[in-house]
Every structure is written in structure tokens, then in C-alpha cells.
Amino acid sequence: DQQVKQNSPSLSVQEGRISILNCDYTNSMFDYFLWYKKYPAEGPTFLISISSIKDKNEDGRFTVFLNKSAKHLSLHIVPSQPGDSAVYFCAASAQGGSEKLVFGKGTKLTVNP
Amino acid sequence: GAVVSQHPSWVICKSGTSVKIECRSLDFQATTMFWYRQFPKQSLMLMATSNEGSKATYEQGVEKDKFLINHASLTLSTLTVTSAHPEDSSFYICSARRQGVVFFGEGSRLTVL
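Sequences listed follow chains G and Z, in order. Numbering follows the working numbering, with no gaps: position 33 of the first sequence is 33. Here the working numbering = 1-based position in the second sequence + 1000.
If you're looking for bench data, these hints aren't it; they were derived computationally from the structure. Among the hints, a few may not be true.
[Stated by the list, open to error] No farther apart than 27 Å at their CA atoms in a straight line, the calculated lysine-lysine pairs in the DSS-like style are these:
1) G:Lys100 <-> G:Lys38
2) Z:Lys1064 <-> G:Lys105
3) Z:Lys1041 <-> G:Lys5
4) G:Lys71 <-> Z:Lys1041
5) Z:Lys1066 <-> G:Lys105
6) G:Lys38 <-> Z:Lys1020
7) Z:Lys1055 <-> G:Lys100
8) G:Lys100 <-> Z:Lys1064
9) G:Lys5 <-> G:Lys71
10) G:Lys105 <-> G:Lys56
11) G:Lys56 <-> G:Lys71
12) G:Lys56 <-> G:Lys68
Model the full assembly from the supplied sequences, consistent with the hints where possible.
What follows is the structure in C-alpha cells.
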């Protein structure tokens, strides 16, 4: 049973446009969510997180939105840059982030120049 | 800069030998570290939680005797793949939590011939 789902395995956008990556979860105990970016043969790099007490968190070009009622979160990247091309993983945790992370399968983002 | 460091970044070994991978938290103490495995085009699979000064907690289906974890200090956890076989070839990644955020090491690519 997959508790964190990233239903789009890939996404392609034009440079300068907005990239929207989606993530759904099923476990209502999850209350802390993170997005990671990963290049091939490298460990994931932390991008941004959000606690369930918020519905939006912004950091530069990255904004994460959380819709608790829909058990859905999204990562917006604007403007998208070619260097953003990577695999993006959504992760969730319970107990305010102290529990282990559960990852989605990732979405491969390609930003075309 | 890096928050969590792994070594070696890649290793090739013969079948039947053992391989040790180190994970270090840089400039902070980590009582808990996590070991993941990533198969090609798949998500990160949590293998075990490494606890400083005590036994590791393994996820279901992960062989404890095959993947030995030692967390001897607050900044170092090691994963030893014992009697490695070609099916153990994979990308192993460790992580540690600092101030609520989980940071990952660079990953270690293991190839067993």
C-alpha cells in the first residue's frame, strides 16, 4: 500500500514557466512534508518542507502548498530553470517529522531551454 | 555545504566479500541515522534506522545479518553489506535529521561482480 503517491512519473516544462509537481498521501497521521531534489547517482537534496499547521510555505522560487482535507500537496517552481531538471521526491512523516520518512516514487522534471 | 557525508561514493567488490559504507553527520550530533536503498527508477526504500548506542531497527524484509549497521558514535553510522552478491548491487544512501529536517548523504554506489 503506497502511502505517498506521485502519480506523474515525468513532467516537461519550458524555461521561465511554472513547474507544478503533485503529491497525494493516504495516511492521516502524516503531519510533516518535505520535497527533495535528486540528480542521478547523488543523494537527495532537501528543498522545502511544510508542517500540517500551515497551508503554504515559500522559499525563493519554491513554494509548497498543502491541502489537508484533500491529502494533497504540490510544489511550485517559478520561474523554472534548466538546472531544475532532476527527479523530485515528495516525503511525509508523522509526529511532527520525528517519525521515519515515507517517499513517493518521484517525478522527473525536465525544463527545456 | 554538506550536512551528511558518505564514504565511499562508489565501490566495486567481488561476490562473497563484505563492504562497509560510512555515514557521518557534519557539525552536528545525530542519535538516529537512516539507511536507504534505491533501485533504478524507483523510490528510496528505507532499510533500517540506526540508533546510537543500541541496535538498529530494521524494516520488514531487510535481512539483519546481511546488512549490519553500527552506530558507535553520535556522528558516525556504518552499513556493512556482508557476503555481497550481485543482487546487492544498488545505490545506498544514509540520512540524519538536524533540526527537524532530514538531510541525505551523497550516496554510495555498490557494484558486486
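Here is what the structure says about each hint:
1. Under the criterion of a C-alpha separation no larger than 27 Å, the hint pairing Lys100 (chain G) with Lys38 (chain G) is consistent with the structure, at around 19 Å.
2. The straight-line distance between the Cα atoms of Lys1064 (chain Z) and Lys105 (chain G) is roughly 25 Å, inside the 27 Å bound, and the hint therefore holds.
3. Taking the CA atoms of Lys1041 (chain Z) and Lys5 (chain G), the gap is about 15 Å. The hint holds against a cut of 27 Å.
4. Of the supplied pair hints, the one linking Lys71 (chain G) and Lys1041 (chain Z) holds, its CA atoms being roughly 25 Å apart against a limit of 27 Å.
5. With a CA separation close to 25 Å, the supplied pair Lys1066 (chain Z) and Lys105 (chain G) stays within the 27 Å bound.
6. A threshold of 27 Å between alpha carbons decides the hint, and for Lys38 (chain G) with Lys1020 (chain Z) the separation of about 24 Å falls inside it, so the pair holds.
7. Restraint check: the Cα-Cα separation between Lys1055 (chain Z) and Lys100 (chain G) comes to about 16 Å, which is no more than 27 Å; the hinted pair holds.
8. Of the pairs offered as hints, the one joining Lys100 (chain G) and Lys1064 (chain Z) holds, with about 18 Å between alpha carbons and a cut-off of 27 Å not exceeded.
9. At most 27 Å may separate the alpha-carbon atoms for a hinted pair to count; Lys5 (chain G) and Lys71 (chain G) meet this at roughly 11 Å.
10. Annotation: proposed proximity of Lys105 (chain G) to Lys56 (chain G) holds, straight-line Cα distance about 23 Å (limit 27 Å).
11. A threshold of 27 Å between alpha carbons decides the hint, and for Lys56 (chain G) with Lys71 (chain G) the separation of about 14 Å falls inside it, so the pair holds.
12. A C-alpha spacing of about 11 Å is found between Lys56 (chain G) and Lys68 (chain G), which places the hinted pair at or below 27 Å, so the restraint holds.
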